[in-house]
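**Q** Listed below, chain by chain, are the residues.
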Amino acid sequence: MRPFGLLRIERDPEQSWARTIFVSVLAITAAFLVAGVIFWGYGVSPLRAYRVIIQDTLGDPRAVPEILLPAMPLLLAGVGLVLAFRAQFYNIGAEGQLLAGTVAATWVALFTPTPGPLMLPVMFLTGFFAGALWGLLPSLLKLRLNVNEVITTLMMNYIALSLVSWLVTGPWKGPSVRGFAYTDTFPDPAWLPALAGTRVHWPTLLLGIVLAALAAFLLNRTRLGFEIRVQGQNPDAARYAGVNPLRTTLLVMLLSGGLAGLAGVGEVAGIHHKLLDPNQVSLGYGYVAIIVAWLARGNPLAVIVTATFFGLIYSSGDVMQVSLQMPFRVTDVFNGLILFFLIGSERLLQYRVRWVPWKS
Amino acid sequence: MEVADRVTVLRKGRVTGTLSIANADKRTLARMMVGRDVEFQLPPHAKTEINQDALVVDDLWVYNERGLEAVRGVSFAVRRGEIFGIAGIAGNGQRELIEALTGLRPAERGRVRVPSGEVTNRTARDLYEAGVAHIPEERIRMGIVPPMTVAENLVLKRFRYPPFSRGTLIDFTAVTEFAQQMITEYGIATPGPRTPARLLSGGNIQKLILARELSTEPGLIVAAHPTYGLDVSATEQIHRLLLRRRENGAGVLLVSEDLEEILTLSDRIAVLFRGEIMGTVDSREVPREALGLMMAGQRA
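Order-wise, the sequence lines are chains R and B.
Under the numbering used here, the first residue of the first sequence is numbered 1, with each subsequent residue one higher.
Under the numbering used here, the first residue of the second sequence is numbered 361, with each subsequent residue one higher.
Bound-form chain R, shown alone (with noise of 0.2 Å):
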């Protein structure tokens, strides 16, 4: 308990939903605050700005689905992320491993003589395994090795990005326009179907919230998740009372992996419909589905609102540049900001300031 002239600073043993829920607002109102002074940094006035903004994202019919665009792989990626934190895996890999899931679609649709309707659900069994194996070697890294994951995930997010750069610029290069090396177009069946007008793969979307109740039932009802939250909790208990490290952590990033795979699978069979240079695959989904596994606070189900909310801040980017004449990374700089505020306002959350008149 630290005193502070008149306030009091102490520990706060209860922390309710409520109180959550109020500091994640209070700093992403914070990151907005800042983000505004950067507006104004370029010219536009940040009340203008922020009027265009919820206008041209929430406001035109035929924006609202574009929302959705981005929240898919960041739902399906953010679940996985959302498992592997709760066993305190810090897998910073999950760009990495959607992009594995990419190739492995990429290969079935273009490479394989899979029959027409077993297509897409062999395109996702193998885009799941794809990721779970990304994940795999960090893993037992770590439990063998006791190798940081955070540093070995990271690593593989940059050969996977290697791997696909070469794959769409050498072996399966398809026709090239003007220097973008892409594969050849998967063929119909590989095609998800979309939302009529929009681009909307809503098969993912489906699959997202299916996996984030899954997550959710399995963290919360079986024994696997019961050893996860102990092991992510206290892991000197989780020894104590027989938890195998090896197998929970494991089986944590198998699942992580594999959804992350999910979402790549999702991008390329959905929206593009052939693999591309890896940046345009994956606009940092897999980086940003961090911050919002993070603003979830563990709870797979709440994955479901912060992968909108970050939809809707990619759809803002994308406004932003078009409307309002920013840089192409303003949305990385909002995303930015966001985990900035989120991270330095975990404190808000143990603590509570206290009104303590002195007595004489």
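No lab work stands behind these hints, which were simulated from the structure alone.
Incorrect hints may have been included.
[Stated by the list, open to error] Here are the simulated distance ranges between beta carbons:
| no. | chain 1 | residue 1 | chain 2 | residue 2 | range |
| --- | --- | --- | --- | --- | --- |
| 1 | B | 521 | R | 336 | 32 to 42 Å |
| 2 | R | 336 | B | 558 | 26 to 36 Å |
| 3 | B | 526 | R | 121 | 38 to 48 Å |
| 4 | B | 534 | R | 236 | 46 to 56 Å |
| 5 | B | 362 | R | 147 | 50 to 60 Å |
[Unchecked claim] Computed far set for chain B versus chain R, every beta-carbon distance over 12 Å:
| no. | residue |
| --- | --- |
| 6 | 361 |
| 7 | 421 |
| 8 | 459 |
| 9 | 463 |
| 10 | 469 |
| 11 | 473 |
| 12 | 480 |
| 13 | 544 |
| 14 | 604 |
| 15 | 620 |
Computed from a predicted model, the values in this text were never measured in an experiment.
All C-beta atoms, glycine included, are put in the ideal place defined by N, C-alpha and C.
Position chain B relative to chain R; hints supplied.
**A** The following block gives chain B in isolation, referenced to the frame of chain R:
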């Protein structure tokens, strides 16, 4: 008692009373501190006539984190229906010994046997299934998962077995029922089974741990500093629980720095010094000075 002239007792933020030392004895002070009578002298040991070993340790050698020998050729047996105390100043191998006996540290050499078979270097889970309970020295760091509920902590080791588990799912109704039972039976002071365990006081956390470990009626209980940091009331309750298990035929390996606790509870006492047993004595016959000498390194 030796130095003060007067004594004031505080309980829950209020003064219960002030006495001069002449009028103060342990029993009165304890009653003022806790609000009820506290038993210091537990009923004399009714010698349980079971002649079977709950634990046999044979020439055990265990290394510590730095690769140095922490337990050096230790051999002893704990009989069923007996409390076997291990006395010694902290840092003489007690921690490594306990960890080797509970599946948390490998033994380099030697054998450990319990009635169901040989358990040398088996995992913590195997040992639990072999009927070995472990009350850990660090109750918050190791003994519970603080953010999880009282009920979840009570099934921390049992959640994967029926009736709490059916297939891959956990039956939380059964868990909550069991928790209610344990809360009543062991007197755990908690608003309810869904309260996060970290909100409990130290004494109640320890009671939770004991409820969990003792409820399966284990054949061997390894208790490490079980009343460390607890008040007289909780200490008394925990001593009673251990003695009751002893009466029911369990063997108890008690490791403690509190010599009085060792003397009160144990039937036999061994002293650990620099990883070796200096001697094993009967608790009723040994004078305290002899124990002190053994703790300082003199063989019996």
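**Q** All the hints need checking, so say for each whether the structure fits it.
**A** Do the hints match the structure? See the list:
no. : hint                         : in the structure
1   : B/521 with R/336: 32 to 42 Å : violated (48 Å)
2   : R/336 with B/558: 26 to 36 Å : holds (34 Å)
3   : B/526 with R/121: 38 to 48 Å : violated (30 Å)
4   : B/534 with R/236: 46 to 56 Å : violated (27 Å)
5   : B/362 with R/147: 50 to 60 Å : holds (56 Å)
6   : 361                          : holds (34 Å)
7   : 421                          : holds (22 Å)
8   : 459                          : violated (10 Å)
9   : 463                          : violated (8 Å)
10  : 469                          : holds (23 Å)
11  : 473                          : holds (20 Å)
12  : 480                          : holds (17 Å)
13  : 544                          : holds (24 Å)
14  : 604                          : holds (24 Å)
15  : 620                          : holds (28 Å)
Checked against the numbered hints above, the structure violates hints 1, 3, 4, 8 and 9; every other hint is satisfied.
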